[in-house]
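2 protein chains.
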Amino acid sequence: MPYTYEYPRPSVTVDAAVFGFDGAELQILLIERALEPFAGSWAIPGGFVDMNESVEAAALRELQEETGISRVFLEQLYTFGEVLRDPRGRVISVAYYALVKPSEHPTSAASDARQARWFPVSALPPLAFDHEKIVAVALARLRGKVRYEPVGFELLPPKFTLSELQALYEAILGTALDKRNFRKKILGMGLLIALSERRQGGQHRPAQLFRFDQKAYKQLRKNGFNFEL
Amino acid sequence: MPYTYEYPRPSVTVDAAVFGFDGAELQILLIERALEPFAGSWAIPGGFVDMNESVEAAALRELQEETGISRVFLEQLYTFGEVLRDPRGRVISVAYYALVKPSEHPTSAASDARQARWFPVSALPPLAFDHEKIVAVALARLRGKVRYEPVGFELLPPKFTLSELQALYEAILGTALDKRNFRKKILGMGLLIALSERRQGGQHRPAQLFRFDQKAYKQLRKNGFNFEL
DNA sequence: ATACTTCGTGTAAGAGTGACACGAACAAAT
DNA sequence: ATTTGTTCGTGTCACTCTTACACGAAGTAT
Numbered sequence: 000m001p002y003t004y005e006y007p008r009p010s011v012t013v014d015a016a017v018f019g020f021d022g023a024e025l026q027i028l029l030i031e032r033a034l035e036p037f038a039g040s041w042a043i044p045g046g047f048v049d050m051n052e053s054v055e056a057a058a059l060r061e062l063q064e065e066t067g068i069s070r071v072f073l074e075q076l077y078t079f080g081e082v083l084r085d086p087r088g089r090v091i092s093v094a095y096y097a098l099v100k101p102s103e104h105p106t107s108a109a110s111d112a113r114q115a116r117w118f119p120v121s122a123l124p125p126l127a128f129d130h131e132k133i134v135a136v137a138l139a140r141l142r143g144k145v146r147y148e149p150v151g152f153e154l155l156p157p158k159f160t161l162s163e164l165q166a167l168y169e170a171i172l173g174t175a176l177d178k179r180n181f182r183k184k185i186l187g188m189g190l191l192i193a194l195s196e197r198r199q200g201g202q203h204r205p206a207q208l209f210r211f212d213q214k215a216y217k218q219l220r221k222n223g224f225n226f227e228l
Numbered sequence: 000m001p002y003t004y005e006y007p008r009p010s011v012t013v014d015a016a017v018f019g020f021d022g023a024e025l026q027i028l029l030i031e032r033a034l035e036p037f038a039g040s041w042a043i044p045g046g047f048v049d050m051n052e053s054v055e056a057a058a059l060r061e062l063q064e065e066t067g068i069s070r071v072f073l074e075q076l077y078t079f080g081e082v083l084r085d086p087r088g089r090v091i092s093v094a095y096y097a098l099v100k101p102s103e104h105p106t107s108a109a110s111d112a113r114q115a116r117w118f119p120v121s122a123l124p125p126l127a128f129d130h131e132k133i134v135a136v137a138l139a140r141l142r143g144k145v146r147y148e149p150v151g152f153e154l155l156p157p158k159f160t161l162s163e164l165q166a167l168y169e170a171i172l173g174t175a176l177d178k179r180n181f182r183k184k185i186l187g188m189g190l191l192i193a194l195s196e197r198r199q200g201g202q203h204r205p206a207q208l209f210r211f212d213q214k215a216y217k218q219l220r221k222n223g224f225n226f227e228l
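Line order of the protein sequences matches chains U and S.
Numbering follows numbering that gives the first Met the number 0, in which position 65 of the first sequence is assigned residue number 64; successive positions increment by one, without gaps.
Numbering follows numbering that gives the first Met the number 0, in which position 123 of the second sequence is assigned residue number 122; successive positions increment by one, without gaps.
Don't take every hint at face value.
Each pair may be met inside one copy or between any two copies, as identical chains are not told apart.
To be verified - Once the Cα atoms are required to be at most 27 Å apart in a straight line, the calculated DSSO-like pairs of lysine-lysine come out as:
# : residue 1 : residue 2
1 : Lys144    : Lys221
2 : Lys132    : Lys221
3 : Lys217    : Lys132
4 : Lys184    : Lys144
5 : Lys183    : Lys132
6 : Lys132    : Lys184
It should be emphasised that the hints constitute simulated quantities derived from the structure, not laboratory data.
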């Protein structure tokens, strides 16, 4: 047996890059670390995996503990396994990325986080550990994902206008999109249900509200439908 | 500190789904386990991660030890972190998939493998642990990857004909492709260099040999070129 | 020579993409 | 009530890309 309980073994953590959208810019949720190493530094939320929980469950638990977020879209990103990535010793990190709706914004910061705050991805502070690398990978993944799967809805409230949706896509992709073509393509997918309401309180002409059609999505996905941009 | 060396911690293994191509069918390399648990069962190669090696290095080392394979395309796939996936205890597995050229076929089986053998993906034996799930994820990933990045060349010898390349794509995707359209698209990418040789030894008209243009690939990839199917 | 098999090639119809501008609806101010 | 300012919502056309489709040429084996 080449490997037994006597030998020192790598520890396993989870870390999550949490994305949000404020209507104009793509944001990432950071915590200010309360403990060493990197106490006082900003970092993405995360922590050690317990023995009796799956890795994904650990990611959800840490999110809850450190930021108060509970219901999110969460997907595994990549596992960072370099030997020297953590000064505490040999720590392998399974990274996730999460998309949260505005209504699920963090309400509390606790556990080993002093505070939790949103930062626009275009203006992040220096990050602890190799979290800058993790964030870069997460951003690349989100950009790739959004162009062939309708994940954007996870970042919007349940009811939204097409202009809001387009602004989100533009924020993620970093490019301007043509309004008419965008509407044509998105509506053509059959994933949106027009509500009988309009956006209230704007200074100008109110826009039609839509909601995402979860059922149609599952149906179409089963049939191998192509959701490309 | 919520987590210290006193506490029991999950162990970390690597596992690799190794793909090959015999000219007709997509294959996967399996080993027959010599040790418990699952002694005598077929499994994908893998083993524990040592303290002083990165996770990717561990995957390469285990491949070398158990199958003799040394130079491969290797990419991280997914990390399997369910609590009960291994009867030895809490073991988290970072799974990789690898593509090997026919010239790099395994020459030896050693370490804790009795033997290593290729199986067509359409006729796999029952596998140890949750390796059937890992293989399924790897297959899905390979199918997805092959349609927007030219990874197929990693499964062919350095010199190959367009018919061989097409046969490979058909084997991976499980669908028939139109010969003329396939050639048009592949040649149009500018990734192939026509050699001045032809395939020898066939029973019929010899075909033009090509090789993959690594340099052009890197150049085009830098410019965001689209390698779709 | 003949039979057999693989190699290598072009075109045309249809679908999809991308560029582009303006009248309508509503709020606020006068 | 009218005017001003801003967002909403819509169609067409050119072009590119995709897809379907067949046959003569080049070899090998007998």
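How the hints compare with the structure:
In this homomeric assembly, Lys144 and Lys221 come within 27 Å of each other (Cα to Cα) both inside a single copy, at 18 Å, and across copies, at 19 Å. With identical chains, the CA atoms of Lys132 and Lys221 are at most 27 Å apart between copies only, with a shortest distance of 19 Å across copies and 34 Å within one. Only between protomers do Lys217 and Lys132 lie at most 27 Å apart by alpha-carbon distance; the minimum there is 22 Å, versus 33 Å within a single protomer. Taking the shortest Cα distances, Lys184 and Lys144 sit within 27 Å of each other both inside one copy (17 Å) and across copies (24 Å).
For the identical chains of this complex, Lys183 and Lys132 are neighbours neither inside a copy (36 Å) nor across copies (39 Å), given an alpha-carbon limit of 27 Å. In this assembly of identical chains, the alpha carbons of Lys132 and Lys184 never lie at most 27 Å apart, being 33 Å within a copy and 35 Å across copies at closest.
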